[in-house]
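Participant: Assemble the whole structure, with the sequences as input and the hints as a guide.
The primary structure of each chain is shown beneath.
2 protein chains.
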Amino acid sequence: MLSLTEANEQIWKRFQHLPVGCEEVDVLAGLDRIVAADIASPVDVPGFSRSMCDGYAVLASDTQAADEGYPVLLSCLGEVPPGANAAMEVKGGQCVYVSTGSMMPPGADAMVMVEQTQPDAEDFIRFSRPVISGERIIRRGDDLKSGQLILKRGERLHPRHIGSLVAAGIYRVKVFARPRFAIISTGDELVDGGQKLTPGQIRDSNSYALQAFITKAGGEVVRRVLVKDDRELYRQELANAVNCADIVLITGGCSVGTRDFTAGVINGLPGEGVFIQGVNIRPGRPLIVGEGMGKPIFGLPGHPIAPVILFKAIVEKLWRRLIDYREEADRVTAVVDFDLCPAFFTHLLVQLEKRDRFIYARLASPGNPAQTSAVSRADGYIWIKDLETGLRRGQTAEVFLI
Amino acid sequence: MLSLTEANEQIWKRFQHLPVGCEEVDVLAGLDRIVAADIASPVDVPGFSRSMCDGYAVLASDTQAADEGYPVLLSCLGEVPPGANAAMEVKGGQCVYVSTGSMMPPGADAMVMVEQTQPDAEDFIRFSRPVISGERIIRRGDDLKSGQLILKRGERLHPRHIGSLVAAGIYRVKVFARPRFAIISTGDELVDGGQKLTPGQIRDSNSYALQAFITKAGGEVVRRVLVKDDRELYRQELANAVNCADIVLITGGCSVGTRDFTAGVINGLPGEGVFIQGVNIRPGRPLIVGEGMGKPIFGLPGHPIAPVILFKAIVEKLWRRLIDYREEADRVTAVVDFDLCPAFFTHLLVQLEKRDRFIYARLASPGNPAQTSAVSRADGYIWIKDLETGLRRGQTAEVFLI
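As given, the protein sequences belong to chains H and V, one line each in that order. So for the first sequence, my numbering puts the first residue at 1; every next one is plus one. So for the second sequence, my numbering puts the first residue at 1; every next one is plus one.
Calculated from the structure, these hints are not laboratory results. Some hints could be false.
Note that identical chains are pooled: a pair holds if it fits in a single copy or bridges any two copies.
To be verified - Only pairs whose alpha carbons sit at most 20 angstroms apart, straight line, appear in this in silico DMTMM-like list of lysine to aspartate or glutamate:
no. : residue 1 : residue 2
1   : K196      : D26
2   : K216      : E155
3   : K228      : E79
4   : K317      : E9
5   : K91       : E79
6   : K295      : E272
7   : K91       : D109
8   : K312      : D123
9   : K295      : D109
10  : K216      : E232
11  : K174      : E220
12  : K152      : E353
13  : K295      : D32
14  : K312      : D32
15  : K354      : D229
16  : K216      : D188
17  : K354      : D330
18  : K216      : D32
19  : K196      : D44
20  : K152      : D330
21  : K317      : E155
Keep in mind it's a predicted model, so treat the numbers as computed, not measured.
Facilitator: Printed below as a string of structure tokens:
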């Protein structure tokens, strides 16, 4: 049976040329979207040297001899108001009043804070301490140089980037289109929406959970339907799904009977059909992956933990690879707070807890594994790849955040 | 001058009774919102015992003597299809076929996987290994017990919670209303939107950055305006802002002149007016906090790092305290990768880097501090509270993620 890595490689080989769209959006609407092309500043920011204080623009060399006992007097030529072009040149023996953020007049190379000066007779200003060249000035391009990268393709647009983008005059950004998902739930025991349950029925929670994880991953669910175990209805719904979505997820159908059903229906579509049937991981072993009309179709088992793990470890991974996503922050190294030596390659849901400056991982579902409540408590999962060693209390492990 | 902690306490005292609204939304629309009341499951989930495999429901005691050489034969009464009420009772010597997820028939207390059985003559099934009571069954309430908490007031609704909520039949959730913000930018040198810059002008990037951080924090910006340094216009805009928003942020006006201007205009509103003018932190020292018509008004200095830090360390903090927000994941312990002993209480922007299983923090702006690009590179900030020691390479520090 395929390992997870082998399955991901087969899926990648098959779908690495899946078309990925782009769109241009307003910079604030682009928050949390994935940038589709490198973004560099088209200009120097600031575009001119600016004062960092309210005070006097001077030639630093004029102040070198200044001290409390022997102040230097400079003739004030006037002022540069905020937003104005500083036209008058400052020469030796002269100064100009400049407020915070205003343009430095040509010639001047330092600012003296107004609090450190005294007015003197007839437009002369008294300076009692020396300043050095560049003092309290932001020079042209100190923030961003023309051509300097602000965001790379595949990075997520975060609030922290907005200031630089706008300062550089970038109000629109090119981002990857949201991948469109269709979700089909199958199972005669499932009930959707607010309907009453009769004995034997349960609520279809997997498709809601998947929609939530898809949304968080930046995708969009364009269709979500619940299909009873009727092969013809199922076939029609799958055809609808591949027509309107980029990626199709089928949940439920984890039993032997329904599994065959799903594979058969996928194989009925034009395309290559099912090429993965079963992967050596728990939960999620009965995974089915196929291609229909060029679209990836994932058959996820119905047990509540499997769809979440498989979405993170396989589906989201495919998407992120397609858009060169630079993942970094979605892993945490934690100290394992339990002993476990499972018989299978396992994705283990864990809760994280901060104690004594370490992050500890403990089991999210010490008892029954087939629970929505285990997912609800989990911060992430550990992938147990080494069945010899398993996990021992006190060792560290990578936790993939969900 | 007030410390940050003292400022936060004064702000809390003044605004702890600020009204905070709630609203009920669909569970998927509630993603990332803050839950306004504890949410408990109103029912047991599942509501009945379910099979975890395709196979036969039996009395475990019937199988105790079974082995390969001496199989046990049980008479099969029929099957429980998915979603059906399991009416027929299983007694000693009997079994019932049950598919995955279907209801366990009364009497039976264990499942045997179909792969581990053989059909025998005349509706008899052969069992060759013993099972224990409870095997491959999810019992009523194993996932969620009636009354069991799924989310606490003040928790953020995460995709991981959706499965449990829906499984429990909860399709609507009560969340805190988004706080409404108004942002006023001031400064004659500022230009908004895609306009061309003339020499001396710069783009108003602070209000965009603030809007992005507000959005990420779950707030909503209902008004964002740029006001030239005209006292009457400013007064009118502030009146508009307190009328339509819960919280008002003013950015710019960091110079001595404009600062007085801001305080004066806030004091012109009905209400207590300015009660904090200056806080002992860098950047952000010229912070102004006031109350007008019952609303908090924050005057944030114009330098690009200060508004972001002050928003996180003061404004967002007030809001989170008002809604009992349970913050946990927004801090990281990192190893400091530089030496710094500043003269002031400083919020220092840092970049995080993962190396050898540790997270290292290095300065986001080794040079000039007044840069949007420093914010753009930063993952978070360290609050230097101990001026004696400062920060030394190799020590650990808490990084507040932005």
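Participant: State the violated hints by number, sorted upward, taking the hints as numbered earlier in the document.
Facilitator: 8, 9, 10, 13, 15 and 16
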